[in-house]
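**Student:** Please build the complete structure, drawing on both the sequences and the hints.
Just so you know, the protein sequences line up as chains P and F, in that order. The numbering used here puts the first sequence at residues 1 to 127. The numbering used here puts the second sequence at residues 1 to 419.
The hints are simulated quantities; they were obtained by calculation from the structure and are not laboratory data. Keep in mind that the hints are not guaranteed to be accurate.
[Said to hold, decoys possible] Derived CB-CB ranges, DEER-like:
1. E261/F <-> D23/P: 26 to 34 Å
2. E179/F <-> E34/P: 31 to 39 Å
3. T74/P <-> P123/F: 38 to 46 Å
4. L259/F <-> K28/P: 37 to 45 Å
5. E34/P <-> P48/F: 24 to 32 Å
6. E73/P <-> D312/F: 39 to 47 Å
7. R58/P <-> I258/F: 20 to 28 Å
8. L6/P <-> A152/F: 45 to 53 Å
9. P118/P <-> K141/F: 47 to 55 Å
10. P48/F <-> E22/P: 33 to 41 Å
11. T74/P <-> E261/F: 44 to 52 Å
12. D264/F <-> D90/P: 44 to 52 Å
[What the hints assert, rightly or not] With a cut-off of at most 30 Å between alpha-carbon atoms, the simulated DSS-like pairs for lysine-lysine come out as follows:
13. K209/F <-> K75/P
14. K282/F <-> K59/P
15. K271/F <-> K122/P
16. K75/P <-> K286/F
17. K19/P <-> K141/F
18. K75/P <-> K122/P
19. K162/F <-> K75/P
20. K45/F <-> K97/P
21. K97/P <-> K19/P
22. K97/P <-> K49/F
23. K271/F <-> K38/P
24. K49/F <-> K75/P
25. K271/F <-> K282/F
26. K101/P <-> K38/P
27. K282/F <-> K122/P
28. K209/F <-> K271/F
29. K28/P <-> K101/P
30. K28/P <-> K49/F
31. K28/P <-> K286/F
32. K97/P <-> K38/P
33. K19/P <-> K59/P
34. K162/F <-> K141/F
35. K209/F <-> K141/F
36. K59/P <-> K122/P
Think of the CB as a built atom: it goes at the ideal place given N, C-alpha and C, for glycine as much as any other residue.
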Amino acid sequence: MLYAILCYNDEDVICGWSKEHEDGVMEKLGVVQERLAKEGRLGPVARLMPTTAATTLRKDREPPLVLDGPFAETKEQLLGFYVVDCESLDGALDIAKDLGKANPGGSYEIRPIALFMPGEPKEAVGA
Amino acid sequence: MTDLGWIEGAITAARPQAMAALLRYFRDMDAAEEAFQDACLRALKSWPKNGPPRDPTAWLIMVGRNAAIDAVRKTSRETVLPPEDLLSDLEDAEAEAAERLDGSHYRDDVLRLLFICCHPDLPATQQIALALRIVSGLSVKEIARAFVVGEAAMEQRITRAKARIGAGDAPFEAPGPIERAERFAAVAAMIYLVFNEGYSASGKALEAKGGLCDEAIRLARLLLRLFPAEPEMMGLTALLLLQHARSEARFTADGQAILLEDQDRSLWNRKMIGEGLALIDKALLKRAPGPYQVQSAIAAMHARAIRPEDTDWAGIDALYAALEIMQPSPVVTLNRAVATAKVRGPEAALAMIEPLGARLDGYFHFHGARGAFLLQAGHKDQARQAFDRAIALANTAAEAASIRQYLDRVTAEAEKSAS
Chain P
1 MLYAILCYND EDVICGWSKE HEDGVMEKLG VVQERLAKEG RLGPVARLMP TTAATTLRKD
61 REPPLVLDGP FAETKEQLLG FYVVDCESLD GALDIAKDLG KANPGGSYEI RPIALFMPGE
121 PKEAVGA
Chain F
1 MTDLGWIEGA ITAARPQAMA ALLRYFRDMD AAEEAFQDAC LRALKSWPKN GPPRDPTAWL
61 IMVGRNAAID AVRKTSRETV LPPEDLLSDL EDAEAEAAER LDGSHYRDDV LRLLFICCHP
121 DLPATQQIAL ALRIVSGLSV KEIARAFVVG EAAMEQRITR AKARIGAGDA PFEAPGPIER
181 AERFAAVAAM IYLVFNEGYS ASGKALEAKG GLCDEAIRLA RLLLRLFPAE PEMMGLTALL
241 LLQHARSEAR FTADGQAILL EDQDRSLWNR KMIGEGLALI DKALLKRAPG PYQVQSAIAA
301 MHARAIRPED TDWAGIDALY AALEIMQPSP VVTLNRAVAT AKVRGPEAAL AMIEPLGARL
361 DGYFHFHGAR GAFLLQAGHK DQARQAFDRA IALANTAAEA ASIRQYLDRV TAEAEKSAS
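**Tutor:** Now the structure itself:
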C-alpha cells in the first residue's frame with residue numbers, strides 16, 4: 001500500500017535555520033531517502049514553498065474566491081511530503097520515525113493513498 | 001531531548017516578536033535586549049531538559065520579562081529566581097500569553113519595532129545598523145564588518161541611535177490604519193536599503209556584506225508573514241529573491257563585475273527564482289501595482305529568459321515606462337533606455353537620455369551607458385569621451401575596469417581601421 005507522509009512544522013522556525021543547519025538536515029534525510037530508494041519503496045518527494053507563496057481557490061461559490069495563504073490559526077504548516085510503499089501502517093511509521101530522527105521537531109501525518117498518478121511534469125521547478 | 005539546531009531556529013524566529021513585546025513592556029532598547037538575552041540563555045538550559053515549550057515566543061517573552069523584573073529585585077534584596085523550568089507545565093499562563101500575542105497585537109508590535117528602528121530623525125546608515133542589531137540580532141562586530149568600520153565606531157553609532165530614540169517620543173502606542181500604511185512604506189524602504197548595502201558591495205567587501213542580503217530577505221519574509229495579502233510586500237520579497245538569485249554569477253573570481261547579459265545563467269539560484277516568480281505572479285493577480293511589484297516584474301522577465309537573447313525587452317521597456325510614471329527619476333529613465341536601445345535602437349536610447357545629462361553628469365552609470373549607446377550607434381570618438389568621463393567617476397576598481405574593457409575595444413577597432 002502507498003502511504004503519504006505529510007511533513008508539518010513551524011514555518012517560522014524552519015526559516016530561522018542557518019544554512020549549515022539546513023544542509024545538515026538535508027544530508028541526514030538524504031541517507032534515509034537513499035536507503036528507501038534502494039529498497040524500491042520511495043515514491044515522489046516534494047518540498048513546498050512557504051505558505052506566503054501559496055494561493056487558495058475557494059470553490060464553494062461561483063465565481064470561486066481567490067485567497068492568500070492558507071493562513072490558518074495553527075502553529076504548524078504543511079511543508080512537504082513523501083510517498084512511500086509499505087506493507088502496513090507499522091512499516092510507514094518506522095519510516096516516519098527514521099525521517100524524524102534525521103529532522104526532529106514538528107510532526108508527520110501518515111495517510112494511506114487512495115489514488116496515485118505520479119505523472120511526469122516537463123520541469124521540476126525549484127528542484 | 002530537544003535538538004540544538006531546532007532551539008537555535010526557534011530563538012531566531014522568535015526574536016523579532018519577543019524583542020517587540022519586551023520593548024513595549026520596558027520601553028527601553030537596552031533593557032529589552034538584556035531581557036531577551038537572558039531568556040535565551042535560560043532556554044538553552046531548560047529546553048533540552050524539559051522539551052520545547054508549546055509556544056517558544058511566548059515562553060521567551062515571559063521568562064525575559066520575569067528575569068528582568070527579578071534582576072531589579074535582586075539589586076535591592078536577594079530573592080529566588082522564578083521557576084522557568086516549570087513554565088512548560090503552566091499551561092494556563094502560557095496559553096494566555098500566547099493568545100495575547102496572537103493576531104494584530106503581534107503584528108503591531110513587530111511593525112512598531114521595525115518602525116522605531118527607521119525613525120526619521122536617524123540617518124539611513126544608523127537605521128540599518130539599529131535594525132540589524134535589534135530586529136535581526138546580529139552582533140555589533142558583524143555589523144561593523146559589513147559596514148567596513150571599526151567595532152568601537154559601530155558600537156558608538158548604535159548607542160547614539162538608541163539615545164536619539166530614547167530622547168524623542170518613540171511611538172509605542174498601537175498605530176492606526178493610516179499610520180500603519182506609512183510605517184509599512186518606511187519599513188519596506190529600510191529593508192530595501194539593507195539589501196542594497198549588501199548587493200552593491202563588490203570584491204573583498206562582498207564577503208563581509210553578503211550576509212546583509214540574506215538578512216534583508218529574512219526581514220522581508222517576516223514582514224510578508226505579517227501582511228500576507230499586501231501585494232507590494234510580495235513584490236519587495238520577490239524583488240530581493242530574484243536579485244539575490246544571481247549573486248553567484250555576478251562577479252569573476254578576481255572580483256570583476258559581470259554584466260547581466262554575460263552571466264552564466266546556470267549559476268543562478270533556481271530555488272530563489274522559483275519563489276520570487278511565485279510571489280510576483282501572486283501579487284500581480286491582485287491588480288494593485290506598485291513600484292516594488294514593477295521592479296520585481298522586470299527582474300522576473302530577466303529570470304524567465306533561459307538565454308540572454310530570449311529576454312522580452314519590449315516587455316521590460318513597457319514595465320520601465322510604468323515605473324517612470326509611478327516613481328519618476330532620471331535613474332529609472334536611464335535604466336529604461338537600456339531596454340529601449342534593444343527594442344528601438346541606440347539612437348532612440350540616446351534621445352531618451354539626452355535631457356538627463358544635466359542631472360546625471362556626476363553619475364558613473366550615466367556615462368557608461370551613454371558611451372555604450374554611442375558606440376552601438378557608431379560614434380566612436382564621442383563614445384570614447386563618455387567612457388573617459390565614466391572612468392573618472394568610477395567608485396570602485398571593478399567599475400573602472402568594466403569601462404576600460406569598452407575603451408580597449410574602441411581603441412583596438414580604431415587602430416585596426418587606421419592600419
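**Student:** Against this structure, judge whether each hint is valid.
**Tutor:** Structure-based check of each hint:
Our hint of 26 to 34 Å for E261/F and D23/P holds, since their Cβ atoms are close to 32 Å apart. Between E179/F and E34/P, the C-beta spacing of about 54 Å breaks the proposed range 31 to 39 Å. For the hinted restraint 38 to 46 Å between T74/P and P123/F, the CB-CB distance of approximately 42 Å keeps it satisfied. Under the hint 37 to 45 Å, the C-beta atoms of L259/F and K28/P, about 40 Å apart, fit the expected range.
Checking the proposed 24 to 32 Å range against E34/P and P48/F shows it holds: the Cβ atoms sit about 30 Å from each other. At roughly 41 Å, the beta-carbon separation of E73/P and D312/F lies within the given 39 to 47 Å, and the hint holds. Separation of R58/P from I258/F is about 46 Å and departs from the stated range, judged on CB atoms against 20 to 28 Å. Between L6/P and A152/F the beta carbon distance is about 52 Å. The supplied range of 45 to 53 Å therefore holds.
In this structure the hint that P118/P and K141/F lie 47 to 55 Å apart at CB holds, the actual value being about 50 Å. For P48/F paired with E22/P, a C-beta distance near 21 Å fails the hint of 33 to 41 Å. A C-beta distance of roughly 46 Å is found between T74/P and E261/F, which places it inside the suggested range of 44 to 52 Å. A C-beta distance of roughly 49 Å is found between D264/F and D90/P, which places it inside the suggested range of 44 to 52 Å.
Of the pairs offered as hints, the one joining K209/F and K75/P is violated, with about 33 Å between alpha carbons and a cut-off of 30 Å exceeded. At roughly 18 Å between alpha-carbon atoms, K282/F and K59/P fall within 30 Å of each other, so this suggested pair holds. About 17 Å separates the Cα atoms of K271/F and K122/P, which keeps this hinted pair within 30 Å; it holds. Only pairs whose Cα atoms come within 30 Å are accepted, and K75/P paired with K286/F is accepted, the gap being roughly 27 Å.
Distance restraint check for K19/P and K141/F: the Cα-Cα separation of roughly 20 Å lies within the 30 Å cut-off, and the hinted pair is therefore satisfied. Between the alpha carbons of K75/P and K122/P the distance comes to roughly 34 Å, so the proposed pair goes past 30 Å and is violated. Between K162/F and K75/P the alpha-carbon distance is near 33 Å, which puts this suggested pair outside the 30 Å criterion. A distance of roughly 26 Å separates the Cα atoms of K45/F and K97/P; the hinted pair therefore holds under the 30 Å criterion.
For a cut-off of 30 Å, the pair hint linking K97/P to K19/P stands: about 24 Å separates their Cα positions. For the hint linking K97/P to K49/F, the alpha-carbon distance of about 21 Å falls within 30 Å, and the restraint holds. For the suggested pair K271/F and K38/P, the alpha carbons sit about 27 Å apart, so the restraint of at most 30 Å is met. For the given pair, K49/F sits about 22 Å from K75/P by alpha-carbon distance, which is consistent with the 30 Å threshold.
In summary, the hint linking K271/F to K282/F is supported, as the alpha carbons are separated by about 17 Å, within the 30 Å threshold. Of the supplied pair hints, the one linking K101/P and K38/P holds, its CA atoms being roughly 19 Å apart against a limit of 30 Å. Under the criterion of a C-alpha separation no larger than 30 Å, the hint pairing K282/F with K122/P is consistent with the structure, at around 22 Å. At most 30 Å may separate the alpha-carbon atoms for a hinted pair to count; K209/F and K271/F meet this at roughly 22 Å.
For the hint linking K28/P to K101/P, the alpha-carbon distance of about 9 Å falls within 30 Å, and the restraint holds. Taking the CA atoms of K28/P and K49/F, the gap is near 24 Å; set against the 30 Å cutoff, the hint holds. For the given pair, K28/P sits about 40 Å from K286/F by alpha-carbon distance, which is inconsistent with the 30 Å threshold. Using a Cα cut-off of 30 Å, the hinted pair K97/P and K38/P holds, with the two alpha carbons roughly 18 Å apart.
Taking the CA atoms of K19/P and K59/P, the gap is near 38 Å; set against the 30 Å cutoff, the hint is violated. Taking the CA atoms of K162/F and K141/F, the gap is near 17 Å; set against the 30 Å cutoff, the hint holds. The hinted pair formed by K209/F and K141/F meets the criterion: a straight-line CA distance of about 12 Å does not exceed 30 Å. Distance hint between K59/P and K122/P is fulfilled; the C-alpha atoms sit about 27 Å from each other, no more than 30 Å.
Consistency with the previously given hints fails for numbers 2, 7, 10, 13, 18, 19, 31, 33, ordered from lowest to highest.
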